[in-house]
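Q: Build out the structure end to end from the sequences listed, making use of the hints.
Number of protein chains: 2
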Amino acid sequence: MVLRVGVAGLGTVGAGVARMLAENGDVIAVRAGREIRVTAVSARQQGKDRGVSLAGLNWHDNAAALAGDPSVDVVVELIGGAEGPAKALVEAAIAAGKPVVTANKALLAVHGAALAAAAEQAGVALGFEAAVAGGIPVIKALREGLAGNRISRVAGILNGTCNYILTVMREEKRDFADVLADAQALGYAEADPSFDIDGVDAAHKLAILAALAFGRPVDFAAVHIEGIRNVSALDIRFAEELGYRIKLLGIARETEFGVEVRVHPAMVPIKTFLASVDGVFNAVLAEGDFSGTIMLQGRGAGAGPTASAVVADLIDIARGANIPVFGARVESLAGSPSVPAQKHVGAYFLRLMVVDQPGVLADVTAILRDCNVSLESMLQHGRAPGEAVPIVLVTHETNEGAMNQAIARIGKLGAVLEAPALIRIEGG
Amino acid sequence: MVLRVGVAGLGTVGAGVARMLAENGDVIAVRAGREIRVTAVSARQQGKDRGVSLAGLNWHDNAAALAGDPSVDVVVELIGGAEGPAKALVEAAIAAGKPVVTANKALLAVHGAALAAAAEQAGVALGFEAAVAGGIPVIKALREGLAGNRISRVAGILNGTCNYILTVMREEKRDFADVLADAQALGYAEADPSFDIDGVDAAHKLAILAALAFGRPVDFAAVHIEGIRNVSALDIRFAEELGYRIKLLGIARETEFGVEVRVHPAMVPIKTFLASVDGVFNAVLAEGDFSGTIMLQGRGAGAGPTASAVVADLIDIARGANIPVFGARVESLAGSPSVPAQKHVGAYFLRLMVVDQPGVLADVTAILRDCNVSLESMLQHGRAPGEAVPIVLVTHETNEGAMNQAIARIGKLGAVLEAPALIRIEGG
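In the order they appear, the protein sequences are chains R and E.
All residue numbers for the first sequence refer to our numbering, where the first residue is 71 and numbers rise by one.
All residue numbers for the second sequence refer to our numbering, where the first residue is 71 and numbers rise by one.
These are computed hints drawn from the structure, not numbers from a lab.
Treat the hints with care, since some could be wrong.
For identical chains, the list gives no copy identity; a pair is met inside one copy or between any two copies.
[Claimed, not checked] Straight-line C-alpha distance at most 20 Å; calculated DMTMM-like pairs for lysine to aspartate or glutamate: (1) 482 with 311; (2) 413 with 296; (3) 243 with 289; (4) 413 with 161; (5) 341 with 310; (6) 243 with 348; (7) 482 with 426; (8) 341 with 241; (9) 482 with 161.
A: Put into structure tokens, the structure is as follows:
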């Protein structure tokens, strides 16, 4: 009994899936217990050479038509985007009672709750291993491997483009704009890079991980998002000096007030796992009450790793697995509510550019005292009377609301020359 | 429909499983879709306090009786050992048509092929996530997450005791015997430590990983095994100087001659993943042709992590999963044959203790030349004419048979004072 696959979207990932199913067809059939074969596709350009033979397949101009194609048992959605044809196809496939595999994090993050309900109603699987961290089986690890644990925290490097840029900035002591331009030239960053560098892509993935880890309906709107545009080479150097690396992290953490779900640049201690993950690699750690901390690392993007995840989902379906989309029946997804970023309690790195003149530090520390922010350390290198110098302050654990009040007041001091740089400090 | 569990063996892991099912019963029921409850146990001492209530359970003096207990749907085997009551129980449970979950690597490594055939015949699941790398879902990652890939290499730090000893030896510049004694006092090593430090435990786990990665019947006899008794503080220091860490690795690798399956101390480059894993942590990496290298790290032993893996298998069973034991039907497990260690091709670290006198190095290098072993580098610190000094040689890639011939001849040189130390160099 062949499992017949319809693939929508034949970009690098779609072609990778077709190539993997062809090249590894023998081992896949043995492991899946049956052959898995592409029988239909939908893509914009039919003639294009994709490095894999597509002869004899059903072509559909309209992706949603794959759902109704009687030669298709399972639909693979690789179109992308939270709305439009991707969403229409997934909804149509579920409505037609066909399992779906998708790499679409935006779709899952924004409409995952409704799609999970629909899939459950229809009794079909909705696989999305490829939506988070590419070839690393992190969805499977959370939804199955750690399923007996209460998870207290999930943290990850979820965007390879950002991690690449931050790594090069550190290694080559270069500025953000400069490294971004190079990354674009090399194809590591998109022509319009905002989706990656403003943290939206990481936030989509984090929303999915948070839903799995904490048994909540996926809620993209609750994610606090900051990107890496404002990370400076100067702060990366200060981080090194203080024993930290700056990484764009996605963090979902259970607190006494609810679940924090946030994406932002963070300083992580140099000797920890997440600090050690450089370049385009992705990594995820999960803290379970019985398992302890589990760490996973690998390639988070690219045709091969993403195809590996898509095909793993197809093999699961071929083997007859049908695990609840977010790890539990939709009606059971209650979990803790989200907590606003202002409630966050943690340590902070604060860097000010100030005029080097008597009394500035006294003014700054008085404001911090008034806002109940206590300091762990202070750093000012050299002297340049009357000129601009950086001052670095590291706080003890403090409330983010208090910190923001303090920064607003500090920013108004006459001797403070630019907006203060604030970076959260996290365990790695 | 409750899933009723019979647990054989109530040591730390068995008690951990009972505690996890009790303490996390709410989330486990939601995720599994049904309650999972211990209904029967077998252990030597009935009265002992295990930190979890066992009131109202069926007690069996004979573990194998759990297989016939009508109040038991699934059997958890935590007795340990490749033979005796553990094997009898697993066979009886399978024969009774009951799924089995076990943490028993020795049993799986030695009798896994026959047990897999029996389980497949009976149509029941045989889960063993807990047998390798404790709380890290590495069985699931290989058998499901990477199922679409051809795996070229699996390598791991599979024994926490050895990794702890090697880490302390390096950090505190102490000798093996000294650190082992401390580890025993701290409970990190057994009173009879040979199972761990001679590499047998790691070899059991590696045999299982090799079967999964390469689609072969599990074959413990084919594993080449060396432990860490002969690793010296001196060689650890030389390793550091050359840019390596010494780790006890389990490695299964596809070569042109067949699959190498070997456990031995290895030098891995300091900046690589496996080199960074210190203390009692375990880690596994797998290289897939599409996924690239996937790395997993976490706690490989202890009540909590092992219970986490056992309960994950129980949840899979409650969810209705029944994946072929070694990832494919037993009749399909062909894969490549094993290759003897003599066929290994790699680089080597060779350390000699020699009398510091003219001509020694000429004799040594002549033998290496005659055996077709070419050198990448040589290291001799200081001079001590007429006394014993260490000489370190690092070879280019060479054949292990040739290397062993060379060592046999070098060891017979009059100026060579003790058996040469040979450590393979591996990618990390």
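Q: Determine for every hint whether it applies to the structure shown.
A: Going down the list of hints, with the structure as the test:
no. : hint         : result
1   : 482 with 311 : neither (28 Å within a copy, 53 Å between copies)
2   : 413 with 296 : within (16 Å within a copy, 54 Å between copies)
3   : 243 with 289 : neither (37 Å within a copy, 51 Å between copies)
4   : 413 with 161 : neither (37 Å within a copy, 55 Å between copies)
5   : 341 with 310 : both (11 Å within a copy, 18 Å between copies)
6   : 243 with 348 : within (15 Å within a copy, 30 Å between copies)
7   : 482 with 426 : within (16 Å within a copy, 72 Å between copies)
8   : 341 with 241 : both (17 Å within a copy, 15 Å between copies)
9   : 482 with 161 : neither (52 Å within a copy, 75 Å between copies)
Of the numbered hints stated above, those contradicted by the structure are hints 1, 3, 4, 9, listed in ascending order.
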